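> Chain by chain, the residues run as shown.
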Amino acid sequence: MQNEHELIEMLREKMGDKTEVLANSLGKASMKTDSALLLNEVKQILEVDRDTGISAITGLDMGERIGLLYHFRVNRHLVTLVTDVSKEIPKISSITDLVPGANFHEREVSDLFGVTFEGHPSPGRLVLPETWPLELFPLRKDAKIEGIPFQSETSSEGITTSQPESNSELVNVVVGPQHPALLEPEKFTLKVEGEIVRAVEPRIGYVHRGVEKAAETRTYLQNVYLVERICGICNSCHATSFVEAVEKILGTQVPPRGKYLRTIILELNRLHSHLLLLGHAGLEIGYETLFQYMWRDREPIMDLTELITGNRVIASSIAVGGVRQDLSEAAIAKFRTMLAQLSKRMEFYQNLFNNEPSLKMRTQNVGKLTKEDALKLSVVGPVARASGVDMDVRKDDPYEAYGEIPFKLITRTEGDTYARLMVRLDEVTESIKIIEYALDHLPQGAFRVKAPRVVQTGEAVARVEAPRGELFDYVKSNGTAYPERVKVRTPTFANIPAFLKTAIGGSVADVPANFVSLDPCFSCTDR
Amino acid sequence: MAIDFLFFFRVLVFPGFTFVLFFTLFCDWVERKIEARIQNRVGPSVAGPGGILQPLADFMKLLTKEDIMPLDAKRILFKASPLLSFSVMVFSVSLLPIDGSSAIPGSSFAGDLIFIMALVTIANFLLFLSGWASASPYGSLGAARVLTQFLGYDIPLLMLALGPAFLAGSLSIAGIAASQQLPFIILAPWAFVLFIITLQAELEKDPFDIPHAESEVVGGLETEYCGGKLAFLHLTRDVQIVFGAALVVELFLGGPYGPVFFGAPEVWYTLWFVLKLLAVVVISELLTTLFARLRIDQVVTANWKIMLPLSIVALALTVALGVWVYPGLV
Numbered sequence: 001m002q003n004e005h006e007l008i009e010m011l012r013e014k015m016g017d018k019t020e021v022l023a024n025s026l027g028k029a030s031m032k033t034d035s036a037l038l039l040n041e042v043k044q045i046l047e048v049d050r051d052t053g054i055s056a057i058t059g060l061d062m063g064e065r066i067g068l069l070y071h072f073r074v075n076r077h078l079v080t081l082v083t084d085v086s087k088e089i090p091k092i093s094s095i096t097d098l099v100p101g102a103n104f105h106e107r108e109v110s111d112l113f114g115v116t117f118e119g120h121p122s123p124g125r126l127v128l129p130e131t132w133p134l135e136l137f138p139l140r141k142d143a144k145i146e147g148i149p150f151q152s153e154t155s156s157e158g159i160t161t162s163q164p165e166s167n168s169e170l171v172n173v174v175v176g177p178q179h180p181a182l183l184e185p186e187k188f189t190l191k192v193e194g195e196i197v198r199a200v201e202p203r204i205g206y207v208h209r210g211v212e213k214a215a216e217t218r219t220y221l222q223n224v225y226l227v228e229r230i231c232g233i234c235n236s237c238h239a240t241s242f243v244e245a246v247e248k249i250l251g252t253q254v255p256p257r258g259k260y261l262r263t264i265i266l267e268l269n270r271l272h273s274h275l276l277l278l279g280h281a282g283l284e285i286g287y288e289t290l291f292q293y294m295w296r297d298r299e300p301i302m303d304l305t306e307l308i309t310g311n312r313v314i315a316s317s318i319a320v321g322g323v324r325q326d327l328s329e330a331a332i333a334k335f336r337t338m339l340a341q342l343s344k345r346m347e348f349y350q351n352l353f354n355n356e357p358s359l360k361m362r363t364q365n366v367g368k369l370t371k372e373d374a375l376k377l378s379v380v381g382p383v384a385r386a387s388g389v390d391m392d393v394r395k396d397d398p399y400e401a402y403g404e405i406p407f408k409l410i411t412r413t414e415g416d417t418y419a420r421l422m423v424r425l426d427e428v429t430e431s432i433k434i435i436e437y438a439l440d441h442l443p444q445g446a447f448r449v450k451a452p453r454v455v456q457t458g459e460a461v462a463r464v465e466a467p468r469g470e471l472f473d474y475v476k477s478n479g480t481a482y483p484e485r486v487k488v489r490t491p492t493f494a495n496i497p498a499f500l501k502t503a504i505g506g507s508v509a510d511v512p513a514n515f516v517s518l519d520p521c522f523s524c525t526d527r
Numbered sequence: 528m529a530i531d532f533l534f535f536f537r538v539l540v541f542p543g544f545t546f547v548l549f550f551t552l553f554c555d556w557v558e559r560k561i562e563a564r565i566q567n568r569v570g571p572s573v574a575g576p577g578g579i580l581q582p583l584a585d586f587m588k589l590l591t592k593e594d595i596m597p598l599d600a601k602r603i604l605f606k607a608s609p610l611l612s613f614s615v616m617v618f619s620v621s622l623l624p625i626d627g628s629s630a631i632p633g634s635s636f637a638g639d640l641i642f643i644m645a646l647v648t649i650a651n652f653l654l655f656l657s658g659w660a661s662a663s664p665y666g667s668l669g670a671a672r673v674l675t676q677f678l679g680y681d682i683p684l685l686m687l688a689l690g691p692a693f694l695a696g697s698l699s700i701a702g703i704a705a706s707q708q709l710p711f712i713i714l715a716p717w718a719f720v721l722f723i724i725t726l727q728a729e730l731e732k733d734p735f736d737i738p739h740a741e742s743e744v745v746g747g748l749e750t751e752y753c754g755g756k757l758a759f760l761h762l763t764r765d766v767q768i769v770f771g772a773a774l775v776v777e778l779f780l781g782g783p784y785g786p787v788f789f790g791a792p793e794v795w796y797t798l799w800f801v802l803k804l805l806a807v808v809v810i811s812e813l814l815t816t817l818f819a820r821l822r823i824d825q826v827v828t829a830n831w832k833i834m835l836p837l838s839i840v841a842l843a844l845t846v847a848l849g850v851w852v853y854p855g856l857v
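Chains as they are written, first to last, in the working numbering: chain A, 1 to 527; chain B, 528 to 857.
Check the hints yourself; a few may be wrong.
[Unchecked claim] Taking lysine to aspartate or glutamate pairs in the DMTMM-like style, the calculated list, with each CA pair at most 20 Å apart, reads:
hint	chain 1	residue 1	chain 2	residue 2
1	A	Lys-32	A	Glu-64
2	A	Lys-371	A	Glu-414
3	B	Lys-560	A	Glu-288
4	A	Lys-144	A	Glu-216
5	A	Lys-368	B	Asp-681
6	A	Lys-360	B	Asp-824
7	A	Lys-32	A	Glu-20
8	A	Lys-334	A	Glu-216
9	B	Lys-832	B	Asp-681
If you are wondering where the hints come from, they were derived from the structure by calculation, not from laboratory data.
Quantities reported herein were computed from a predicted structural model and do not represent experimental measurements.
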């Protein structure tokens, strides 16, 4: 990872005169370019860093034109490429060939803004239902949402679970939208030859609630609660990510104690999520005892969350300018004893995960994702780290108190289901240490500053390392109490391509274990 | 032989149908309670003292539920196979000596070990048919897995069952049970261990409960069943578990025989039988909770590459010891 000044110099050198590189806007740098030059500019960025990943593509309704913000991770730094297309002929070349991770992002923008990405390998509906009218793009400002003329279902795709393809030996095995292996509705059609998966067709959007559109009709204060409800488990991560972006526009400085308290809440989110997932993985591979144990040990985490925020699950503790509640000395003492107990339990799980033969048989060498593929598909979080990509927003782009807290970045090289579970197991131990360190070094003073409710014009991006990986938020303000645009890119949305890649060539029986190791969260994915 | 009151009592009440039925429900409760306690749960606790009536309550509840049949199902098979497999299983259990003799008086004959093993195969095949007849992909997938697994593990199971038969010099279960002055678990512990593992696969319990892997095949062969038919499918499975445990008791743990302190030996025999059987159920349940589920290919490989050769070796070892070593000792 090079430092940001070198990166900006390199970008300026590559981009030439036509494109201006602005430092410290929308990430480390932003560049404005003409839509016709997009492919060329992306190629230039790829020359700076061959493994450039894409964080998100944000669409923006700017009246006559539709803005497209390509947020890249160049050498782990967030760099935004800004371009726009006309609303009459919204066409732009697809960058999926250059950056394969952009596949889903382009399809989403095409659904919600009606931009055609020319040369996209698999265009089509991604988040909107089949019955949605073809010419209605919900995130455009002029979209009339009342009285939507729903169309009759045109797709003849079978809901039944198995139907032979007329022209091949492949059989469709449909996983979802309702399936015991999935806790939330989403559909994956596996094309199966015998027991081997040959292709996977995803269909997401079953729980698309239009959070991004809803955010435009709510005040910033209300939006903190709205984005929290994108996901139950990592709710504070969503709130923090949104609030960080707003604070960047406002220029609000959160007091140190507030930052440390936020860090503790975020790590509790991570503990909660990882323990839940490890238990759930046990269920998927038929290891009920592990499931019951893990979920019991998750309970103290929820008690601690209640202690620090007042709520067990949806914390509602993150606010613009800090946190809502202080942590008392008595609560800190309770934290210490409970975390010590959990550390002891984690030793037991370490022993179990390292030595249990039946667990290893089901997870090792299942769903292997190589480092090259992980980089190419722009996967994030524990999935990337299990494939040897040492990527973590907490290290790459420190927020809250993470810059001051020493912790180990967990990576593994195997890239299989087992590695993905082990990364999470080790991260639980690291998280406990982070919380203990934060409690030891908790600064005195205020935990919140008062922030204005009306936000001046501006735009900002924020990234948070949620339990499932990098969570990306973009907020654009138009100087009122209501945001102009809120974009949330959740980690699972970025990780689903990894499942599509690893399931192919594997056995049908491995699909649940492989899939669950991504820690899929569909209410996150669909928003 | 006049068909008298005693005959009906033995067949229908004790140790026949009624006893088998309620004992099965009791074993189900024991299993659920043990599993729950190992997993740090409470387990059944509402119906009856300690939740002991929970399995019965579940059974009754299912009987009152609406019975739906899929349109495409093979109607006769779909209806008949759960009941048929249940009756075959209960019949097999009533051939085992429970209180010193089997439920049907005089039913024991020279080769009934082979006969009973054949009956169990038929019961399992009927279960397969029930899944296949439901015309659901999950049902047929689950049923195919039952058959794959069952046919594979049937061979090692029979091999291992022949060990005690050889030591006893009899192919009759009553004969094998009666000849164990020293239980065969002491004379051939290797066969006992392998038998328990193979049985775990036969009974489709973890780590071999592939046909019930709900994350892969939803409900397996039970997917399309509901109401009374589902109740009987569940009951069949429970009777199967009792039968498997009973077979272990008869072959390796000396059957119902044990010390008789006073009074009627039948009472003591029943007591020993029940206690031994519960011990086997506990062991089996421990195995279930301690392992993750294997994958179907791993199970099949384990069967043909490991269990089958091992069971042949175990049988050879038992025969060799039976011929050259034990006659001098016993």
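> Would you mind marking each hint as holding or not holding in the structure?
Checked hints:
Only pairs whose Cα atoms come within 20 Å are accepted, and Lys-32(A) paired with Glu-64(A) is accepted, the gap being roughly 17 Å. For the hint linking Lys-371(A) to Glu-414(A), the alpha-carbon distance of about 9 Å falls within 20 Å, and the restraint holds. A hinted pair counts as satisfied when its Cα atoms are at most 20 Å apart, and Lys-560(B) with Glu-288(A) qualifies at roughly 14 Å. Our distance criterion of 20 Å between C-alpha atoms is met by Lys-144(A) and Glu-216(A), whose separation comes to about 14 Å.
Among the hinted pairs, Lys-368(A) with Asp-681(B) is inconsistent with the structure: their alpha-carbon atoms are about 35 Å apart, more than 20 Å. Distance check on the hinted pair: Lys-360(A) and Asp-824(B) sit about 15 Å apart at the alpha-carbon level, within 20 Å; holds. This hinted pair checks out: Lys-32(A) and Glu-20(A) have alpha carbons roughly 6 Å apart, not beyond 20 Å. For a cut-off of 20 Å, the pair hint linking Lys-334(A) to Glu-216(A) is broken: about 41 Å separates their Cα positions.
Distance restraint check for Lys-832(B) and Asp-681(B): the Cα-Cα separation of roughly 14 Å lies within the 20 Å cut-off, and the hinted pair is therefore satisfied.
When held up to the earlier numbered hints, the structure conflicts with 5, 8 and fits the remainder.
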